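Engineer: Next come the chains, spelled out residue by residue.
There are 4 protein chains.
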Amino acid sequence: MPSSKFINKLRPKKKKDKDKHRGSMTSLAETQTQTPSEVETRKEYIEASILSKVNLDALNEKDDSNTFKSNIENYIGTVKVPVGAVQVQVNGSHANGKYTVPLATTETSLVGTCNRGCQLINMCGGVESVVIKKQVQSAPIFHFESIRLAVKFNEWLGLPATFESVKTNAIAVVEEAVLVKLEHSVHGNCVYSRWYFDTGEAVGQNISTYATKEAMESILKEAPVQPSSWDLDVGLARNRQAATSLMIDGRGVYVTGEVVCPKEKVEEILHVSAEKLASFSRESRTWQLISHTAGSTYQSARVIAAILVASGLDAAAVVESHVGISDMKLTKNGDLRVIVTLPSLMIGTTGGGTKLPSQQACLQIIDLPEEKSREAFAEVVLAAVLGGEIGMCAAMISHHFVNKKKRTESETPSTSLPNGNSVIEEDKAGEAAAEKLNGDATPSEQVNGDSAPGEVKEETKKENKKDQSN
Amino acid sequence: MPSSKFINKLRPKKKKDKDKHRGSMTSLAETQTQTPSEVETRKEYIEASILSKVNLDALNEKDDSNTFKSNIENYIGTVKVPVGAVQVQVNGSHANGKYTVPLATTETSLVGTCNRGCQLINMCGGVESVVIKKQVQSAPIFHFESIRLAVKFNEWLGLPATFESVKTNAIAVVEEAVLVKLEHSVHGNCVYSRWYFDTGEAVGQNISTYATKEAMESILKEAPVQPSSWDLDVGLARNRQAATSLMIDGRGVYVTGEVVCPKEKVEEILHVSAEKLASFSRESRTWQLISHTAGSTYQSARVIAAILVASGLDAAAVVESHVGISDMKLTKNGDLRVIVTLPSLMIGTTGGGTKLPSQQACLQIIDLPEEKSREAFAEVVLAAVLGGEIGMCAAMISHHFVNKKKRTESETPSTSLPNGNSVIEEDKAGEAAAEKLNGDATPSEQVNGDSAPGEVKEETKKENKKDQSN
Amino acid sequence: MPSSKFINKLRPKKKKDKDKHRGSMTSLAETQTQTPSEVETRKEYIEASILSKVNLDALNEKDDSNTFKSNIENYIGTVKVPVGAVQVQVNGSHANGKYTVPLATTETSLVGTCNRGCQLINMCGGVESVVIKKQVQSAPIFHFESIRLAVKFNEWLGLPATFESVKTNAIAVVEEAVLVKLEHSVHGNCVYSRWYFDTGEAVGQNISTYATKEAMESILKEAPVQPSSWDLDVGLARNRQAATSLMIDGRGVYVTGEVVCPKEKVEEILHVSAEKLASFSRESRTWQLISHTAGSTYQSARVIAAILVASGLDAAAVVESHVGISDMKLTKNGDLRVIVTLPSLMIGTTGGGTKLPSQQACLQIIDLPEEKSREAFAEVVLAAVLGGEIGMCAAMISHHFVNKKKRTESETPSTSLPNGNSVIEEDKAGEAAAEKLNGDATPSEQVNGDSAPGEVKEETKKENKKDQSN
Amino acid sequence: MPSSKFINKLRPKKKKDKDKHRGSMTSLAETQTQTPSEVETRKEYIEASILSKVNLDALNEKDDSNTFKSNIENYIGTVKVPVGAVQVQVNGSHANGKYTVPLATTETSLVGTCNRGCQLINMCGGVESVVIKKQVQSAPIFHFESIRLAVKFNEWLGLPATFESVKTNAIAVVEEAVLVKLEHSVHGNCVYSRWYFDTGEAVGQNISTYATKEAMESILKEAPVQPSSWDLDVGLARNRQAATSLMIDGRGVYVTGEVVCPKEKVEEILHVSAEKLASFSRESRTWQLISHTAGSTYQSARVIAAILVASGLDAAAVVESHVGISDMKLTKNGDLRVIVTLPSLMIGTTGGGTKLPSQQACLQIIDLPEEKSREAFAEVVLAAVLGGEIGMCAAMISHHFVNKKKRTESETPSTSLPNGNSVIEEDKAGEAAAEKLNGDATPSEQVNGDSAPGEVKEETKKENKKDQSN
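Taken in order, these protein sequences are the chains called B, S, V and Z.
No gaps in the numbering here: position 209 of the first sequence is 209 in this note's numbering, and each next residue is one more.
No gaps in the numbering here: position 14 of the second sequence is 14 in this note's numbering, and each next residue is one more.
No gaps in the numbering here: position 116 of the third sequence is 116 in this note's numbering, and each next residue is one more.
No gaps in the numbering here: position 106 of the fourth sequence is 106 in this note's numbering, and each next residue is one more.
In case anyone wonders, no lab produced these hints; they're calculated from the structure.
As the structure is a computational prediction, the values presented were derived from the model and not from experiment.
Careful: at least some of the hints might be erroneous.
In this list, chains with the same sequence are indistinguishable; a pair is considered to hold if it fits within one copy or across any two.
Said to hold, decoys possible - In silico EDC-like pairs for lysine to aspartate or glutamate, Cα to Cα no more than 20 Å straight-line: (1) K133 <-> E155; (2) K221 <-> E371; (3) K332 <-> E275; (4) K332 <-> E145; (5) K263 <-> E145; (6) K69 <-> E145; (7) K355 <-> E222; (8) K263 <-> E214; (9) K372 <-> E164; (10) K167 <-> D64; (11) K181 <-> E155; (12) K133 <-> E183; (13) K181 <-> E264; (14) K69 <-> E164; (15) K355 <-> E370; (16) K221 <-> E164.
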């Protein structure tokens, strides 16, 4: 595990320096589009990049079981989840520069499709993003003998003095638990409430729950009426719940961002027209509406889950975090505007498994600023998700037209995958680059939604039947 | 990686043998409730159990980067996710016996709360479960010049001959892609459709997408009218979408199960009354309704995500899979009936990362039957989720009453966590057992929702402020 | 049309007087349970009651087409919707006493089932209710050239000075448009906002839309950046949209209420046990969850639609208004607690068709206080809905057990209707009473969900086949 | 009330005749666009039209209270709801010709905005529409002692013989109750089911509920295990529930339709560009998504509620019926394609209040074919809704640009209303036409969402403050 001193050295103290540093980098994504003959240049890049400076040993060494003792019970070992990386330019309110994003997944092609989208983003100047708010709720429910008592209690909850009292008590228990809003209402003989906390760099579910409980117990005696009982609720707080209401009041970090891609660049990188992407995006809404998906995205869940696993956060938090909106539409002059909004991104840069060696290494690779690291992290995640959405939609669209052409023109339909691996050939260079970059990995030949290896080879299709899956 | 020959030896060929084998086991959960003085018995159990027979080396050895080459692009290493295990008795339509379930998570206390619930389940005879159906959808959308053409095409899609033709073509492409249902309708000039496949042991998203595309291209020429274009859609198929409609037609495996727990046993194990649990469950529905969660469960997302990561499946699939219903209600004589239904469990026993060494080891630990392994897997997952729901609710309820008592009676409120670590003391024996079992891990002192280590110690609370998180 | 002077005389100026007045009434519902021999007493009651004092001529006279000229275009005549009445005791924050509620519907048995529930309510002391808030949203959307400009605008919207400026400008345009809250956020290059107004006695959708537009145009020049365009949105405001988010932030009047019914009274009036009702309510949640209904009620839509039509409000507003929660659960001693919460009741006592003669007569029948008439109206509607829920659930439950018994015991299964008209016999007295009360109507022989007349008579069943419907 | 003989005479027996008849008509909408000097021509049209042949006396005469005796309990009189009419061309699978649609509402401008949209539709050749299916569900729930018994029962429900037996028994009870599909599943110890019936011309909720109950009681004895109890559920059937799942399996009539409007005509009639409408529609989806509306329409609820009230159907059925999709998008050459899909339109041509005099007169005005009258009705409703969506969106968009211009150019901004009454002037001719048509009504000066009369006059704005509402 790299010492924090080492990490600090890595981190450019002044934003200017950092930008300069980043400015000198040729991105991972960009190098992938270069021809194999440019390998030397690439190598130099790799040596100059963040990746080469972070101590990645933790990602490759044997794990010491003692490491995990406070993160798990009934420990029996570890699973090794492979990590791939993409690079994406972020011009955010807190993140600025080209960031390397580690994605831990066993799903072939996820990194590939995401990388494809990030390539386009980077060629178009990066994702402009902003964090609008960050907050996490806890939700105590109070039960009374009658609605009359509930109403009295509800009125008391609404007093400014009550808010201040809860706020003071909460901070006294956990310094990071800063109460910012209190919503409360009555349903018959119950008072239900949502307490919104800003919990700094931490995801904060536990902080806010704990602070709420302690603060509540401290001040309950001041209430004009006492509840017959009270509970902490997960449904109202939407703790690991993919609630449609997350779009209304958010949870965790609310982050939004966009990139405008000149139509020529869209064609060049994705081999799909901006118009077709905008149309596909528009139509998708109808089909998502029929299914009533929570939010309206394409593979935000895949990208976010991969980042959560890589960085030691709760993989289950993807259920809240993936709820958001992906929009692709044309600007007046026909360029492609891609917007992603994630109103409930449950991420943090501390707590959970973030301090475990390999997970910490992943976080270090991202190289977030020390100040407002959580906001910056959110903007980086958003940019990666945005890359994933672009890559996914392009793959969804291009597949069968390319296939059709190939079927008539050539003998290589076998390289065509349902979800768009017609893009493979163009990635060959990138694959070579990645090989060089990583030294020890051969990226998949497939760039596909969630394919099993080998599914695509026409000549092996029959034999593979038994093997195919997922 | 254990050779498949070795694995085959492990697997009792005859169900009878297996049951006998299992019958002789004292479960992991049960041993946890035993006193430390019973350690010797426990050790013998461990030696006789499945755990000791599976080659767990993969869970503890260094990873060879070549291993991952077809599962990831831009590989840079692996993250190590610690795995804890719980044991749960399943009396299912396909799974029968006591199963060890590996949970890969960095969330302290997840394994603990789940284990607590499984203890109760095991004491009450296990989870009765059944798989109702398994299917996965792909969803092609066809665009036409006018609604008139769309209607014609829609009628053609509804012909029995069309169904048969698609079915035959799909199987010809991928043997496992067995078309079982075809739904289709018209929205203006578009025809949208959902093709339901039974994909055997695989999750099957890719199989069904691929088969659909190939079959469609084969038979499209037979259609009376040709679409101007057609797409494969993720929203209508709900691929990685937490759609509320999943409750209606399901996706993946539809599995349901229940356990009836005598009220005395509930009190004994959970220190909460059956009545209080039933009441808590009832009230929760109201708060979930206000938030409009997709489904109505407590921590199904946590348990399922941990199993997906452990077994090499797509962690992002938790967004569909966690959508379900948890019910706790009293029987006529006041015992606790706990029901969990998961209509869209996206799991399989092949494909994705299931063949990677450490992930395969996890799957082997579960020791699923060779026949209908996916159905059996679903029943085991359901039982673990059911255990997690019981453990979570008990923790949610017990916390503050227990805390209150402790605050007045003792000096140890510090061990009380918001989400219920009043259960810790009772787990001490279990922890000791787990230490013995695993040899190299000290399970957390906390049994909590998603706490950071150290959050609970009163004496360290102030110091920890900076550290707390998540 | 009764002169307003007349109406004013009708309205007791002092609450005390009014209560006294009401206190002396024997309710409509109560009289229905009396035996036919008590008709004389009833007649006296009717003469003393509000009903006899209100000029109901408008409900029975020919309409003058000029009356409607500002409420409709392309006028061709009127449809006559029959109005039935129920009486319900309300002990609310604004409504106090026994209220007569007019229900305009052509659905046989709606008034009957609602009346049945109100009978129970009245026997149990009435509905305790409270209005928590009232507000209506308008939702302007602002489009910009880039997210950067959107963010700047969003920040400006968040300034206290902006809020004050909008508030002042809105009131200047329409006095009733009192801005109480402003929510706004960013999605890519768009700023979306929800402006919450308190609009006094009016439903206020139009007031708030108009005030928002005018205020926005006045202050837009003060903004640091100008939107390229802006719209007023119906989806975000949820104007005539049955959105699940209505449970979160409400719309119109948020009103909640409960009644606790001794278990003996439940049995006596409904012929169903309190326990069975609580269990039915509990189970219903599961089935509503599977369908993902917006809210969780039984026939709130029917009762509310009937009141909207009767009182000249927009019948379409039932889509927002019916979204709420109905809860039936046992108290500790086994009595039945029934709770209804309606967070988005779109009603008012002025505007729309409220001034049309027959509609105004209906409003006058309710006899709302002059002060806070809208809040009082909301509490009366809630009480009627609560009565409807009780009546509906009792009918749903009782039907088949009663039927079964009847089939074996007697020759009168014919009076049993699917949705519970086994209750008919007990209503005979009530029907007679109603006949007397109304002078000119024979209430239906059926008390059923939405039956067609004649559906129930066993002897006419076959002949009726062709006629049955709805 | 017109005798049915009279009505039959009205109805052209041969479709050809009817079309010819219709062909000779100048539509109501079209006449509105003509100049006042063309009044004579219009008068002739009116005399030739359906309107003049239907006996509309019921719409204008005093009601006889005996009329309503089987439709309501506790009758106290009627409310008169004014009816306006629009005309719309339908080229459907069952409806063909120009139909007059009666809208009963007190909401100023609803008929106006709807008429505006219908004008455009008629100029563009009418709405092409199709009924995809019609069905209504009843939903019995069966409770068992254990999941094992539930599974057995569920298997029995799945047998073809069971389906046939239920089908036969259901038809024996009510001839119209034709069972077409049976869905059933298990949740713990419960079996829940949805029985899909085709109920001919009737809405059929009651028919299907009654048939289900009777059929179930007949065949329950054949089941291998008996439920401990069973209920009929409204949540699973979604009886008067605005469920998001209605988009998945529908309820009532599933009808879809579209119109393609040349861009020049859009501009001419709506004074808004096709492009702007398509863009507004696209953006609306995002805001509806944030609110999670059930379906995605604009004012479908208003138009449908007005038709339900006019035709004697349950106004509350608007909660299911309004759930649908409205789409406006550009064709390749920039024309406007408008699509509306209503998957759960709960309408019928018999039952409920359809036989009441004024309601029957309204149904007669529509002049539906005798065969498949319900399907034809659904297509007419869809066309009117489509007109309402066009009119509403045009009003939403045009308002503030028009206003801005007016404010600087003239002294008549006062006539501009937030929701678009800048269109008023163009309607003047139409108003005059309507006056002539109806003889006795002055249509509103406003064409607005839900405005109160007088709200717009600048000079009276201040004075009106107290009066404004809704």
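Engineer: With reference to the structure, classify each hint as holding or not holding.
Structural biologist: Quick rundown of the hints versus the structure:
1. K133 <-> E155: between (27 Å within a copy, 12 Å between copies)
2. K221 <-> E371: Classified as neither: same-chain Cα gap 39 Å, cross-chain 36 Å, threshold 20 Å.
3. K332 <-> E275: Classified as both; 12 Å inside a copy, 11 Å across copies.
4. K332 <-> E145: between (61 Å within a copy, 10 Å between copies)
5. K263 <-> E145: between (64 Å within a copy, 17 Å between copies)
6. K69 <-> E145: neither (45 Å within a copy, 43 Å between copies)
7. K355 <-> E222: neither (40 Å within a copy, 48 Å between copies)
8. K263 <-> E214: neither (56 Å within a copy, 30 Å between copies)
9. K372 <-> E164: Neither: 25 Å inside a copy, 31 Å across copies.
10. K167 <-> D64: Classified as neither; 41 Å inside a copy, 51 Å across copies.
11. K181 <-> E155: Intra 16 Å, inter 18 Å, cutoff 20 Å: intra and inter.
12. K133 <-> E183: Answer is both; intra-copy 17 Å and inter-copy 12 Å each pass.
13. K181 <-> E264: Classified as neither; 46 Å inside a copy, 42 Å across copies.
14. K69 <-> E164: Answer is neither: 38 Å inside a copy and 55 Å across each miss the 20 Å cutoff.
15. K355 <-> E370: For K355 and E370, only the intra-copy Cα distance (15 Å) is at most 20 Å; the inter-copy one is 39 Å.
16. K221 <-> E164: within (15 Å within a copy, 37 Å between copies)
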